[in-house]
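Got chain A; can you put chains B and C on it based on the hints?
Chains as they are written, first to last, in the working numbering: chain A, -7 to 307; chain B, -7 to 307; chain C, -7 to 307.
Derived from the structure by calculation, the hints contain no laboratory data. Treat the hints with care, since some could be wrong.
All copies of an identical chain are treated as equivalent in the list; a pair is satisfied when it fits inside any one copy or across any two copies.
[Said to hold, decoys possible] Keeping only pairs whose Cα atoms sit at most 16 Å apart, straight-line, the calculated EDC-like set for lysine to aspartate or glutamate is:
| hint | residue 1 | residue 2 |
| --- | --- | --- |
| 1 | K22 | D270 |
| 2 | K150 | E176 |
| 3 | K(-2) | E249 |
| 4 | K83 | D265 |
| 5 | K83 | E267 |
| 6 | K31 | D95 |
| 7 | K240 | D95 |
| 8 | K108 | D265 |
| 9 | K172 | E10 |
| 10 | K240 | D272 |
| 11 | K83 | D270 |
| 12 | K108 | E141 |
| 13 | K30 | D95 |
| 14 | K247 | D209 |
| 15 | K196 | D265 |
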Amino acid sequence: MEWTRKDLIGIEPLSREEIEAIFTVASGFKRILGRSVKKVPALRGKTIVNLFLEPSTRTKLAFEMAASRLSADVITVNADASSFVKGETLKDTARNICALNADMIVLRHSAPGSAKYLSEIVDVPVINAGDGSHEHPTQALLDNFTMLEHFDSLEGKKVTILGDILFSRVARSNIFSLTKLGAEVTVAGPATLVPKTFESMGVKVVHDLKTALADADVVMLLRIQHERQSSTHFPSLGEYTSMFGINKARAKWLKPEALIMHPGPINRGVEIDSELADSDRSVILEQVTNGIATRMAVLYLCTGGSMSALENSAE
Amino acid sequence: MEWTRKDLIGIEPLSREEIEAIFTVASGFKRILGRSVKKVPALRGKTIVNLFLEPSTRTKLAFEMAASRLSADVITVNADASSFVKGETLKDTARNICALNADMIVLRHSAPGSAKYLSEIVDVPVINAGDGSHEHPTQALLDNFTMLEHFDSLEGKKVTILGDILFSRVARSNIFSLTKLGAEVTVAGPATLVPKTFESMGVKVVHDLKTALADADVVMLLRIQHERQSSTHFPSLGEYTSMFGINKARAKWLKPEALIMHPGPINRGVEIDSELADSDRSVILEQVTNGIATRMAVLYLCTGGSMSALENSAE
Amino acid sequence: MEWTRKDLIGIEPLSREEIEAIFTVASGFKRILGRSVKKVPALRGKTIVNLFLEPSTRTKLAFEMAASRLSADVITVNADASSFVKGETLKDTARNICALNADMIVLRHSAPGSAKYLSEIVDVPVINAGDGSHEHPTQALLDNFTMLEHFDSLEGKKVTILGDILFSRVARSNIFSLTKLGAEVTVAGPATLVPKTFESMGVKVVHDLKTALADADVVMLLRIQHERQSSTHFPSLGEYTSMFGINKARAKWLKPEALIMHPGPINRGVEIDSELADSDRSVILEQVTNGIATRMAVLYLCTGGSMSALENSAE
Chain A
-7 MEWTRKDLIG
3 IEPLSREEIE
13 AIFTVASGFK
23 RILGRSVKKV
33 PALRGKTIVN
43 LFLEPSTRTK
53 LAFEMAASRL
63 SADVITVNAD
73 ASSFVKGETL
83 KDTARNICAL
93 NADMIVLRHS
103 APGSAKYLSE
113 IVDVPVINAG
123 DGSHEHPTQA
133 LLDNFTMLEH
143 FDSLEGKKVT
153 ILGDILFSRV
163 ARSNIFSLTK
173 LGAEVTVAGP
183 ATLVPKTFES
193 MGVKVVHDLK
203 TALADADVVM
213 LLRIQHERQS
223 STHFPSLGEY
233 TSMFGINKAR
243 AKWLKPEALI
253 MHPGPINRGV
263 EIDSELADSD
273 RSVILEQVTN
283 GIATRMAVLY
293 LCTGGSMSAL
303 ENSAE
Chain B
-7 MEWTRKDLIG
3 IEPLSREEIE
13 AIFTVASGFK
23 RILGRSVKKV
33 PALRGKTIVN
43 LFLEPSTRTK
53 LAFEMAASRL
63 SADVITVNAD
73 ASSFVKGETL
83 KDTARNICAL
93 NADMIVLRHS
103 APGSAKYLSE
113 IVDVPVINAG
123 DGSHEHPTQA
133 LLDNFTMLEH
143 FDSLEGKKVT
153 ILGDILFSRV
163 ARSNIFSLTK
173 LGAEVTVAGP
183 ATLVPKTFES
193 MGVKVVHDLK
203 TALADADVVM
213 LLRIQHERQS
223 STHFPSLGEY
233 TSMFGINKAR
243 AKWLKPEALI
253 MHPGPINRGV
263 EIDSELADSD
273 RSVILEQVTN
283 GIATRMAVLY
293 LCTGGSMSAL
303 ENSAE
Chain C
-7 MEWTRKDLIG
3 IEPLSREEIE
13 AIFTVASGFK
23 RILGRSVKKV
33 PALRGKTIVN
43 LFLEPSTRTK
53 LAFEMAASRL
63 SADVITVNAD
73 ASSFVKGETL
83 KDTARNICAL
93 NADMIVLRHS
103 APGSAKYLSE
113 IVDVPVINAG
123 DGSHEHPTQA
133 LLDNFTMLEH
143 FDSLEGKKVT
153 ILGDILFSRV
163 ARSNIFSLTK
173 LGAEVTVAGP
183 ATLVPKTFES
193 MGVKVVHDLK
203 TALADADVVM
213 LLRIQHERQS
223 STHFPSLGEY
233 TSMFGINKAR
243 AKWLKPEALI
253 MHPGPINRGV
263 EIDSELADSD
273 RSVILEQVTN
283 GIATRMAVLY
293 LCTGGSMSAL
303 ENSAE
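Okay, chain A solo, but in the shape it has when bound (with noise of 0.2 Å):
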């Protein structure tokens, strides 16, 4: 299939071909970051501005390796929203970026909504790298394209996500993903953190860790967030690892070869103890080394890259 969209907002308005479009080019830039010359000269003369407005090291982190990798000139604005707006106006933030005549643009920003609203005033290609508690679909993306190193297809596989769902734009992203792919999604959690309201996204919501991993292929913890904790919604972090951190007992209640995965970094022994996210049944860095050919592929095709093309300067 064509790639058509200027954009990557979310996963929510993919169809399932576009993802496995965004993958088939993914697999081709694996296969080049494991030459001894990494870098292609896809994006040469581009140049992409990485607006982050909400701290975020590692994302931005590999954005830019990725936009590295293509050629790309990478200039990245790390701000709060607060220093970089000055009491603007989203609107006035986007207009005066647009103006700038970058050549695509990857937006963090805490507002939900943003990248689309972005993306509507300005001519150029924008990637969502985090809006909010709406989407992050590359983080799906390369959780979902290493679920795919291991199985053939996504098709019927059973899948849990584990953690503080109720605010995770990691959650809601591959909950439209892998839903896409065939795949049975539970989320779980304490009630608080996991209401049965997911269940209209298409998902199992479980409250019971035995339940939630007794069936799963894979099982996908969140990243527990310390700021959380003041919440009302939120155990205290003991009482969340007493409940439903992952270790050595539990991880039995796991198929043997479940996949587990994290988006890191990990607090070991809370979401998981050190063992079990060292052993063979983690896949954590291999998403981390996912991230960098998924975002290549997503910044190489919004900005017009075809397929064949790749694959004739893969040669």
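Same frame as chain A, now just chains B and C:
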């Protein structure tokens, strides 16, 4: 004419011919920025150090973008002066930077005169990106370049600069450039922020808004710096807006074809009403766009680029 | 000799021949840096991650400049360890970085041993840009390279390192390199900062300034860290200056041809008087310049660059 300066420290020392030479080159670059490949090899192999020792997001971004479009390598130093110099004198900082053998230095610094001082110590070009309350020459260049896209000439044109003039490097640089280009400049605002002493710079000083707007071909609003409100010179924000904010009623005092400018970011509802900022007479976003082309021109000329070479590369 | 190391973790494990091999390559790069086009294609296509998990401006800038001159792509991560790792272990951070598939990592970290630890986990070259109180090998290399521009050999040369030796990684790395190169090293300063135990490193320990300066061919001042003043080891700044600050009168205790060095930034009037810092015998700015060439040499050799290839490219 041939550009012979190594540095751009301020508008004050420039001749009208030099300013116009910058605009000619900027026009060439603006045409290139309208193409699909916006990058030219003019500064390939050169490393520019962006030394921002005073917080800045937008000017820094614009200089990074300009350098990137010229194929220069850019290294940006973000530091408040205190952490960079660690008690070191400006002279030591300057000599250290010189010893690094950068090909060009863009300096933002809180001390008036710092850019000139640096330029006398180092052999390579120094571009002033704002030195305290002294000058911000590239801002004036982009402002006047924008005006010249609307008027054939600034000869006899009436430009009103409105706001907190007293310590404004933007106002100072614009007064220098506009008067050199033949415009008639009025500075306007509360008497505490716009003292009569500005008349010595060859401009009219007006404290009544209606008079200030009456004949203007251009009204250039300055950004109200919230942090200046504690100063004894400064009225409250509400007081300022009630007396000098541009709203729909007051905009009728302007000629219908008068341009409204602002260096951004706008405080909507303070210096200007939303509707007017977005109206046809506002050229605020054109200013942002032109900030890239004019800065490219300055970087290019100060590293010895010639206009004829540009013409050839633009073909 | 052929350089075979993947990493530069410290000076301690290097042989004299290895140190001299770095200097040979650095000399080649210094010649290139004197040309109009200062950039070589040696690391084209490589992406270096500058992981600065402890604040640094100058060393970071020097590494960025060195990488830029070698045509590498550079991604700099500025973060205090706490925000980057978010409670994650160094091992996890290391493995995550490894998973990103950078071609090379430059690490500054507050933990002694962190660079070695990282180098054992990742397959790509790791360059130590300062690991706590352990080593700062590129600083010692640039210091000794600078000395060798003034002396044919360091064999038998007397070098006095003066100041807060106790926790200084600069002193440690210099002690290792200088003794390997045949110099006789004296460490000097207040007894609390320069304990007798340093004698086990093969250096003389002196607490009297006149004695420390008497025979020195080089006196290397360390920067007084203001933040260390609250420590029980440290005298007041005034007390330090009155006893160990180098002023005009005390400089007479030095041989007329002795060199004065300082890693910068200088506290004028504390470790050294202004006049002396700017005098002919001060080579402080040469140190800064040589910091680029020596770091280029290290980056180049650790990525497998050969001296013969350099000779060809330098023609």
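Going down the list of hints, with the structure as the test:
1. K22 x D270: neither (23 Å within a copy, 45 Å between copies)
2. K150 x E176: Within. Shortest intra-copy distance 5 Å satisfies the 16 Å Cα cut-off; inter-copy 69 Å does not.
3. K(-2) x E249: Neither: 39 Å inside a copy, 37 Å across copies.
4. K83 x D265: Between copies, since 15 Å is at most 16 Å while 45 Å is not.
5. K83 x E267: between (48 Å within a copy, 13 Å between copies)
6. K31 x D95: between (19 Å within a copy, 11 Å between copies)
7. K240 x D95: neither (49 Å within a copy, 36 Å between copies)
8. K108 x D265: Neither way: K108 and D265 sit 38 Å apart in one copy and 26 Å across, limit 16 Å.
9. K172 x E10: Within one copy only: 10 Å inside a chain, 57 Å across chains, cut-off 16 Å.
10. K240 x D272: within (13 Å within a copy, 67 Å between copies)
11. K83 x D270: Between copies, since 11 Å is at most 16 Å while 45 Å is not.
12. K108 x E141: Neither, since 30 Å and 32 Å both go past 16 Å.
13. K30 x D95: between (22 Å within a copy, 9 Å between copies)
14. K247 x D209: Close inside one copy (7 Å), not across copies (71 Å); limit 16 Å.
15. K196 x D265: Cα proximity of K196 and D265: none, with 25 Å in one copy and 50 Å across.
In summary, the structure is inconsistent with hints 1, 3, 7, 8, 12 and 15 from the numbered list given earlier, while agreeing with the others.
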